[in-house]
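Asks: Sequence:
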Amino acid sequence: MYDSTFKRAVVTICDYKPNDGAIGFILNKPIKMQIAELVADFPEFEAHVSYGGPVSTDTIHFVHNVGELIDNSVKVMPGLYWGGDFNKLKFLIRSEMVSPENVRFFVGYSGWEPDQLNGELDAESWIISEMDPNYAFNNKKNKNLWRDVLTLKGDSYSVIAQMPERNSNN
Numbered sequence: 061m062y063d064s065t066f067k068r069a070v071v072t073i074c075d076y077k078p079n080d081g082a083i084g085f086i087l088n089k090p091i092k093m094q095i096a097e098l099v100a101d102f103p104e105f106e107a108h109v110s111y112g113g114p115v116s117t118d119t120i121h122f123v124h125n126v127g128e129l130i131d132n133s134v135k136v137m138p139g140l141y142w143g144g145d146f147n148k149l150k151f152l153i154r155s156e157m158v159s160p161e162n163v164r165f166f167v168g169y170s171g172w173e174p175d176q177l178n179g180e181l182d183a184e185s186w187i188i189s190e191m192d193p194n195y196a197f198n199n200k201k202n203k204n205l206w207r208d209v210l211t212l213k214g215d216s217y218s219v220i221a222q223m224p225e226r227n228s229n230n
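Numbering (my numbering), first residue to last: 61 to 230.
Hints are computed from structural coordinates only; laboratory data are not their basis. Please read these numbers as outputs of a predicted model, since none were measured by experiment.
FRET-style restraints, in silico, Cβ to Cβ:
| id | residue 1 | residue 2 | range |
| --- | --- | --- | --- |
| 1 | Glu104 | Tyr217 | 34 to 42 Å |
| 2 | Gly214 | Arg154 | 43 to 51 Å |
| 3 | Ser216 | Asp145 | 41 to 49 Å |
| 4 | Pro224 | Phe146 | 35 to 43 Å |
| 5 | Ser159 | Ser216 | 36 to 44 Å |
| 6 | Ser155 | Tyr217 | 39 to 47 Å |
| 7 | Trp186 | Lys135 | 21 to 29 Å |
| 8 | Ala183 | Met157 | 42 to 50 Å |
| 9 | Asp145 | Pro224 | 42 to 50 Å |
| 10 | Gly214 | Asp145 | 37 to 45 Å |
| 11 | Asn204 | Asp145 | 32 to 40 Å |
| 12 | Lys203 | Asp101 | 28 to 36 Å |
Subject to a maximum C-alpha distance of 27 Å in a straight line, what follows is the list of computed BS3-like cross-link-like pairs (lysine-lysine):
| id | residue 1 | residue 2 |
| --- | --- | --- |
| 13 | Lys203 | Lys135 |
| 14 | Lys67 | Lys203 |
| 15 | Lys67 | Lys77 |
| 16 | Lys67 | Lys213 |
| 17 | Lys150 | Lys92 |
| 18 | Lys213 | Lys203 |
| 19 | Lys213 | Lys135 |
| 20 | Lys135 | Lys77 |
| 21 | Lys92 | Lys148 |
| 22 | Lys67 | Lys92 |
| 23 | Lys150 | Lys135 |
| 24 | Lys135 | Lys148 |
| 25 | Lys203 | Lys92 |
Each residue gets a CB set at the ideal place from its N, CA and C atoms; glycine is no exception.
From just these sequences and the hints, can you work out the full model?
Replies: Right under this line is the structure:
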C-alpha cells in the first residue's frame, strides 16, 4: 500500500458486507492524546487514542474485550468487540469495571466502498494475517506491531519486516 496513511499500517477489519463495504481501524498509529481530552464529560482514564483511518476523523470509535458488559457491542471475533453503548462504557469506567487494558479508542476509521477492498486484495495491495485480539490492546507494542505481525507470518514476510522504512538507510 503506497498511500502514506496506510504505510506499514496494521488494520483490523471490524465489519465487512459485500454490498456495503468494509470498516476497520489502524492499530499502530497512536495519537499523543487521552480520550478525556477529546470527549467532554469523559471520566479520567489513561486510555490511549489511535488514528483509526482517514474517514470521518471528527468521530470517535472504540474496540474492547468486554463485550458482555457493553450493550449493543458487535462481536468481531472472540476477545474483540466493536462499539456499543458509549454511556454504558463511561459508567463502567467510573465504576472501575473496565480498565485501559480493555478498550482502545480511535479517531476516524478506515473504510472501503463495496468491492473496493476485494479489488485491493486482488491487486495484492494488502498482506493478510490472522488477527490476535491482543494486538488491539497491547499499546506498548504498537510501535513495532507491523514488524511483529510480518515476522510471525514467517518466510519472506520476516525478511520484509526487517527492511528499513527508508531504502536509503539500507
